[in-house]
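Please put together the full structure from these sequences, using the hints given.
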Amino acid sequence: MLSYILRRIAATLPVMAIVALFVFSLLYIAPGDPAVVIAGDQASPEDVERIRQSLGLDRPFLVQFGSWVWRILHGDLGTSIFTNLPVSAMIGQRLGPTLSLMMVTLLLTIVVAVPLGVVAAWKAGSLIDRIIMGFAVFGFSLPVFVVGYMLAYIFALELEWLPVQGYTPLSAGFWPWLENLILPAIALGCVYIALVARITRAAMLEVLQQDYIRTAKAKGLGQGGILFIHALKNAAVPIVTVIGIGIALLIGGAVVTESVFAIPGLGRLTIDAILRRDYPVIQGIVLLFSFVYVLVNLMIDVIYTLVDPRIRY
Amino acid sequence: MDRRTVLKGLAGAGGLALTGISAPAIAQGASARTLRFVPQANLANFDPIWGTQYVVRNAAAMVWDTLYGIDAQLQPQRQMVESEETSDDGKIWTFKLRPGLKFHDGEPVLSKDVVASLSRWAARDPMGLMILAIQQELTAVDDRTFKWVLKQPFPKMLYALAKNNAPCSFVMPERIAKTDPFKQITEYVGSGPMKFAKGEWVPGAKAVFEKFADYVPRQEKASWLAGGKQMQLDRIEWIVMPDPATAAAALQNGEVDWWENPIADLVPVLKKNKNISVDIGDPLGNIGSFRMNHLFAPFNDVRARRAVLMALSQEDYMRAIVGDDNALWKPLPGFFTPDTPVYNELGGEILKGKRDFDAAKKLLAESGYSGQPVTCLVAQDQPITKAQGDVTADLLKRLGMNVDFVATDWGTVGSRRAQKTPPGQGGWNMFHSWHAGADCITPAAYTAIRANGDKAWFGWPNSPNTEKEITGWFEAKNVEEEKAAIGKVNKAAIEDVVYAPTGFFLTYTAWRKNVSGITKGPLPFFWGVSKSA
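Those sequence lines, one after another, are chains Z and L.
Residue numbering for the first sequence is 1 to 313, as defined by the working numbering.
Residue numbering for the second sequence is 1 to 533, as defined by the working numbering.
Because the hints were derived from the structure by calculation, they are not lab data.
Cβ coordinates follow ideal geometry from the N, Cα and C atoms, glycine included.
There may be inaccurate statements among the hints.
Claimed, not checked - A few chain L residues that face chain Z, going by a derived Cβ cut-off under 8 Å, partial list only:
{"id": "1", "residue": "182"}
{"id": "2", "residue": "183"}
{"id": "3", "residue": "199"}
{"id": "4", "residue": "203"}
{"id": "5", "residue": "204"}
{"id": "6", "residue": "412"}
{"id": "7", "residue": "414"}
{"id": "8", "residue": "415"}
Stated by the list, open to error - Derived contacts from chain Z toward chain L, CB cut-off under 8 Å, selection only:
{"id": "9", "residue": "33"}
{"id": "10", "residue": "36"}
{"id": "11", "residue": "38"}
{"id": "12", "residue": "51"}
{"id": "13", "residue": "83"}
{"id": "14", "residue": "84"}
{"id": "15", "residue": "93"}
{"id": "16", "residue": "149"}
{"id": "17", "residue": "156"}
{"id": "18", "residue": "163"}
{"id": "19", "residue": "166"}
{"id": "20", "residue": "264"}
{"id": "21", "residue": "268"}
{"id": "22", "residue": "275"}
{"id": "23", "residue": "277"}
So this is what it looks like as C-alpha cells:
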C-alpha cells in the first residue's frame with residue numbers, strides 16, 4: 001500500500017507540471033493586462049509600459065515561465081501584483097474560511113444525504129422514496145445563489161437567527177465560527193446532498209437485490225443491520241467516489257457561495273484575481289486546487305481498499 | 001429566472017419584513033465607536049500614487065493628509081499648510097507648514113517629507129506633470145518651509161495641490177515617498193486622522209482604520225477635504241461585499257452601518273426600512289460616455305461621429321443605468337459637471353431636442369460609411385457599461401451600422417482599448433465608460449476631454465481647437481474668465497466630437513439611522529461621522 005501511495009504521489013508531479021504550464025500559457029495569451037488596471041484611467045501609455053516593466057510583464061514567455069517555476073521549486077509562489085503581498089500568505093489568509101465551509105458542507109452532506117439515500121432505497125417506489133427523490137431533484141436544480149438568498153431572507157432577515165454574511169475564525173469560539181457557516185453550507189450543500197442521495201439510493205438498490213441480503217433477511221437480521229452493516233458497506237464504492245468528485249463541485253460552488261455570503265475565502269480571492277489579472281495569485285490558487293484534487297483522488301483510491309477488500313493494488 | 005430578479009425580489013421581501021423591527025442583536029453588541037462601512041469596491045492595494053482607483057483614494061484620504069484640501073464650494077483651502085507666498089511674477093511659491101504635525105510613527109512632518117512626496121506625486125499626476133514641465137526647483141528651505149520655483153507662472157497651483165482627483169498630493173515620510181512612483185510602497189504611514197491597521201488587512205475582504213490620537217485638526221469646520229477633520233469614531237472597518245443583495249441584507253440586519261453606493265434596483269427596498277437613511281451620495285455625480293476611435297473608419301470622419309451624436313438619446317442611456325428614478329439623472333448637452341461654478345453648455349445644441357435619425361443617416365452616408373463592421377467593446381461585468389453598450393448597439397443598428405458587439409469583461413476592455421491597431425486586427429471602434437463628475441468640473445484633471453492626438457486618452461481625438469481652448473482655461477485668472485473658457489472648450493469638443501456624453505447621473509448612499517454626520521461629497525468623508533448604540 002505504501003509503495004502504491006508513493007507511486008501515486010510521484011505520478012501526480014508531471015500532472016501538476018502540465019497543469020502549471022497550461023495555466024501559465026493560458027494566462028499569457030488571455031486578453032487583459034494588469035498594468036492597465038493598476039495604472040488607472042488617467043495613465044498614459046508610457047505609464048502603463050513602465051508599470052509593465054516594473055512587474056516584469058514585458059519579458060518573454062519562457063523567461064517568465066522559467067522564473068516562476070524556479071521560484072515554485074524554492075517554495076515561493078511569488079508576490080501579488082496588486083497587494084504586493086506574498087501569494088502564499090494571501091492563500092494562507094483565505095484557506096481557513098474555505099476549508100471551514102467545505103468541511104461543514106461535507107459533514108452536512110454525509111449526515112443528511114447518505115441516510116436519505118438509504119431510506120429511499122429501502123422504501124423504493126413508496127411515497128417516502130418519491131418525496132426524497134423529489135427534494136433531490138429540487139436541490140439539484142436550484143442555483144446556489146437562489147438557495148443562498150432564500151436562506152438569508154428566511155433565517156437572517158426574517159427570523160434573525162443567523163448572520164447574513166461574514167466569517168469568524170474558529171479561534172473566536174465554536175459557535176461564532178459555526179453560525180456564520182450554517183447558511184452557506186446549506187446553500188452550497190443542496191446540490192451535493194441531492195447528488196449523493198441519488199447515488200446512494202441507486203447503489204443501495206443494486207446491493208439490496210443481491211442474494212446475501214436475502215440470506216440476511218431470511219436469518220432474521222434486523223433492518224438496521226441489513227442496511228447499515230451489510231448493504232451500505234457494499235454500496236460504498238460509488239458513494240465514496242461521488243463524495244470525492246463532489247469536492248471539485250464544492251470548490252466551484254464555493255466561489256458563488258463566498259460571494260453571496262461575503263466569506264473571505266479562496267473562491268472570492270480567485271474571482272478577484274482573475275478580474276484584475278493578478279497572475280501570480282491565479283497561478284498559486286490553480287496549483288493549490290490541482291494539488292487538492294489530486295490528493296482527494298488518491299484518498300479515494302485508498303478508501304476503496306478499506307471498504308472493498310477485493311480491490312488490490 | 002435571472003440573478004438580478006431574484007435578488008430584487010428577495011431583498012424587497014426582506015425589506016418589507018424588516019419594516020418596524022428595531023436594530024438586531026449583532027448591531028446592539030457592537031461598539032458605538034466602530035463604524036462598519038461597505039465601500040464601492042475592493043481595496044486591492046494601498047498606495048494612492050501607484051494605484052489611482054477611487055477606492056484607494058477614498059481610503060487614503062483618512063490616512064494621509066494633503067497640503068491643501070478642496071472644500072464644498074470647490075475652493076482650495078489650507079490644510080497642512082499654515083501660509084503661502086507667491087512672488088510678484090508668480091514664479092516662486094513659498095509654503096510654510098503648520099506646527100505640530102506628526103506622522104503615525106511619531107516622527108514630525110518636515111519640509112523634506114513634503115518635497116519627496118510632491119516629487120513622487122507630480123510624476124504620476126496630469127497637473128503634477130504640467131508643473132514638472134515648468135519646474136526649476138523644489139527644495140526644503142528649513143524644517144517647516146519649502147519652495148517651488150517655476151520657469152513660468154502656474155495660476156492653478158493651489159487647485160493642483162488641493163484637488164480630490166486621484167492621485168491626490170498626499171504627504172508621506174521622505175523614506176517612503178522616495179519609492180519609485182511606478183513601484184508600490186509597503187509602509188502605510190501618514191499624518192492623517194486615521195491609522196491603517198496593516199495587520200488586519202485582508203485584501204478583497206476587510207481593511208481597518210484606527211483613530212490617530214496625535215492628529216492635529218484645523219480649527220475651522222470640516223468641509224470635504226478641507227477644515228477640521230475631527231474624528232468621532234475610534235475604528236472604521238471597511239467590509240468588502242461583492243454582492244449587492246448581501247450588502248443590502250447586511251445593512252437591513254444591522255451587520256454594517258453604511259453602504260457607500262447601493263445599486264438603483266435595491267434603493268426602493270432600503271427606503272422602506274425605517275432604520276435606514278438613503279440620500280444622494282455625491283452631488284457631483286457621473287458623466288456617462290462612449291468613445292469612438294478617431295484613428296480608423298468610420299469614426300475617423302467627424303461626420304460619422306456627429307451622425308451618432310444627432311441620433312443618440314441620452315434619456316435611453318440614463319434610464320438603462322438608473323431605471324425610472326427621475327431624480328437620478330439629467331440630460332447633459334456637453335462635457336462638464338452640471339451645477340458647478342464654471343458649468344457651460346455652449347455649443348450643445350446637437351445633443352438637445354428631438355433625435356433626427358434621417359439627418360443622421362444622411363450624414364453617415366456622406367462620411368463614406370459603407371457597412372463595414374463597427375467593433376463595440378462592452379464590459380459585461382460593469383452594470384453601467386453593460387447598460388450603455390446595449391443602448392449603443394441598438395442605436396447603431398437603427399442608424400444602419402453593422403455592429404460587431406464584443407461582450408467581455410472590464411479587464412479585457414481596459415487592455416484592448418489601448419490597442420492602436422485597426423479594429424479587425426485587435427483594435428476597436430468604440431467602448432463605454434463613465435467619469436466621476438468631480439473630475440469633469442474643469443479640464444484640470446479631465447483626461448477624457450483632452451484632444452491632443454497620440455497623447456490623448458483612448459480614441460486619440462485630435463482637435464487643435466479643443467486643445468487651444470483648454471490652454472485658455474489654464475491661463476484664466478478668475479471665475480468669469482474660467483467660465484468663458486469652459487464654454488469654448490465645450491463648443492470645440494462637441495464640434496469635433498471628442499467623445500459622446502450619454503448624460504449625467506447620480507447615485508445614492510445608504511446608512512443606518514444611528515449613524516450621523518454623513519455629508520454629500522465626491523468621496524465618503526468619515527470626519528464628523530458618529531454612531532450611537
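Checklist entry - Of the numbered hints stated previously, which ones are contradicted by the structure, given in increasing order? => result 3
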